[in-house]
Amino acid sequence: MKIVYIIFKKEMKDMLRDRRTMFFMVFMPFIAIFLVFNLTMRMGMEMENRAREKVMRVAVISQGPVPEFMNLLEGSGEVEVVGPITDSEVRPSLESGEIDFVVRFTNDFQSIMASEGTGSVDVYFMGSVSENEGALPRVRAIIEGYGESLLQRRLGDRGLASGFARPLSITEKDVSSARARIGESIGGMFPYFIILFCFMGAMYPAIDLAAGEKERGTIETLLISPASRGQIVVAKWLVVTLSGVCTAAASFAWLFLVLRFGSPLPREMVTGVMNIVEPGALLLFLAMLIPLCAFFGALLLSVSIFARTYKEAQSIITPLNFIVLIPLLIGIFPGIRLNWATALIPLLNISLATKEIIAGTINPVHLVEVFSVLLVLAVAGLYFCSRWFRREEVIFRGA
Amino acid sequence: MITVDAVTKRFKSGKTAGNRAEYSGDHLTAVDNVSFVCRPGRVFSLLGPNGAGKTTMLRMIATMLKPSSGRITVAGCDTVDEQEGVRGKIGFLTGTTGLYARLTPHEIISYYGELHGIEKRRLEKRREELFFTLGIDGFANRRTGSLSSGMKQKVSIARTMIHDPEVLVFDEPTVGLDVVTSKSIMTLIRGCRDQGKTVVFSTHIMGEVSLLSDDLAIIHRGRLLFCDTFGKFTGGMSAKTIEDEFIGMIEAGEAKA
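Which chain is which? The protein sequence lines are B and F, in order. The numbering used here numbers the first residue of the first sequence as 776 and each following residue consecutively. The numbering used here numbers the first residue of the second sequence as 1330 and each following residue consecutively.
Simulated from the structure, these hints should not be mistaken for laboratory data. Glycine included, every Cβ here is placed at the ideal spot set by N, Cα and C. Please note: incorrect hints may appear among the correct ones.
[Said to hold, decoys possible] Partial chain F-side listing against chain B, Cβ under 10 Å, derived: (1) Phe1340; (2) Thr1392; (3) Leu1394; (4) Ser1398; (5) Arg1522.
[Claimed, not checked] Within a straight-line C-alpha distance of at most 20 Å, the following computed EDC-like cross-link-like pairs (lysine to aspartate or glutamate) qualify: (6) B:Lys777 / F:Asp1407; (7) F:Lys1395 / B:Glu1167; (8) B:Lys777 / F:Glu1572; (9) B:Lys784 / F:Asp1410.
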């Protein structure tokens, strides 16, 4: 144990002096989290506001007059009526951006209205313009308002009550708790970020501690010291694992700070979410990361020791990033739940378990299964790494 | 003392070994049935062209590689069964040995001293002695990444000798060094011999061989072509220079193969 501690202490000192590793462990998560939760979110909200506040330029095509509809459009305060235009001008006008929406009443609209039938209205717009997607519900609301007034007139003409044509009034009542809703909506995103940084945080120390040592020629000096291969592996693995855990903790802290002080979300909303998410749930999530980091450590160290150089290790490990991403992305999809089968799939199990831990709906049996799978992976990974490190053809590959 | 008894080293595939000693099917024989003895108080030079099997031989002596067959003992310890014993008694230095660039010489030497289990006070004393002898004091607290090649090699020597090993292995220790630093390493090797240590020295620089060797082995394609005292080698020379004699032996070895 003493030798493991001596190597661990030295590797930690060496790593803490490596600017590149420290950047990826501490500052990279901050930059990424800040960009996602501040700039990207701010831009998204800005786009949404613009779509909401945009004065839409709307042209109306109708064979006969539709004064009531025109009054509704102009009276809404959200629309600038332009035109008139012809059918052949619809596409060029929309493509050029001169007009945002064209509302076209079909040629037989007047006669259908006269016979109290159902008239058709087409709304033309460029769906590829993201602002239009946001503004479309506003145009739709005006048209539906027009439809409602037509309906009320018909009912009035017959002396019928306004509820005659609407016998049912539906009110949706979501009985799930706010905690459960938050778990479902952000529960998947949360591990996605943290685990990704966790992997990146462990990646650079793993490369430096194995492939880097090989490339610099320092591995030989360690191999002929009284330290056994097993002791060397355990010490290095502990450093890599700790790096992953520290990066997760740093990412976690950055996420909290950015959400609390640097996000464009309303303060009450952030505070509300933070009050709902229990500290115990977060601690449980962090506890799951420890065996995961241990597995990452063994995996990354095994790959790194196989590589001849730092560069080769990087080129092998970089694609692993994408492999890590896949189960995490699947975990974000709605509808996928934690059960005995999904609990066996590494990474996906953490993602789904986190959702349920935050929502407070986790089944303890599934949680034990997730922990067991992660622990087995970590132990198997360390065992493999230790055996791998003893193989001459791995250590001296190309030397 | 080092005894190498009928040692052979085969690698599973040529791709996994740098040396290109001898291919046979999917195996590469880097060292083939080699035996020799290195005695205390003498410098044993291992001479051979690139890829002859020198480094593989020295790595086996230093417990980094296991022989495929045969046996090696270092200061009485078997390199396979008593690796820890061997590592405590051997110092290993190569011309390409690296140092931790982000640590200082002081930290590096302390690290290896601690790994060898040297008691703190003894370690401090030994470190001070080595730093004084090798002239490291002036840069002991600078990170090694900022040191010159000569300075780095001095630190490597201190690392090799911190535990005062009875056996020293030098694998091409002067590669890439200037004349002054090379000479100081030669002096150091002679000093170790005079202290009664067993010294194995591998090189392909003939000048260094004639300066240092008490005993000499020539290895080519993993096989020993010559193994005796340096005096017998020079006494039996048919060529005018050591270099020509060495080349002649290699060519004869090639012809036999």
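Right, here's what the structure says about each hint:
With its C-beta approaching chain B no nearer than about 7 Å, F:Phe1340 sits inside the 10 Å limit, and its interface hint holds. Evaluation of the F:Thr1392 hint against chain B yields a held restraint, the C-beta minimum of about 6 Å falling below 10 Å. Using the Cβ-Cβ criterion of 10 Å, the hint placing F:Leu1394 at the interface with chain B is satisfied: the shortest such distance is roughly 6 Å. With a cut of 10 Å, the hint placing F:Ser1398 at the interface with chain B is violated, because the nearest CB-to-CB distance is about 15 Å.
With a cut of 10 Å, the hint placing F:Arg1522 at the interface with chain B is violated, because the nearest CB-to-CB distance is about 21 Å. A distance of roughly 24 Å separates the Cα atoms of B:Lys777 and F:Asp1407; the hinted pair therefore is violated under the 20 Å criterion. Between the alpha carbons of F:Lys1395 and B:Glu1167 the distance comes to roughly 8 Å, so the proposed pair stays at or under 20 Å and holds. In summary, the hint linking B:Lys777 to F:Glu1572 is not supported, as the alpha carbons are separated by about 49 Å, beyond the 20 Å threshold.
Under the criterion of a C-alpha separation no larger than 20 Å, the hint pairing B:Lys784 with F:Asp1410 is inconsistent with the structure, at around 29 Å.
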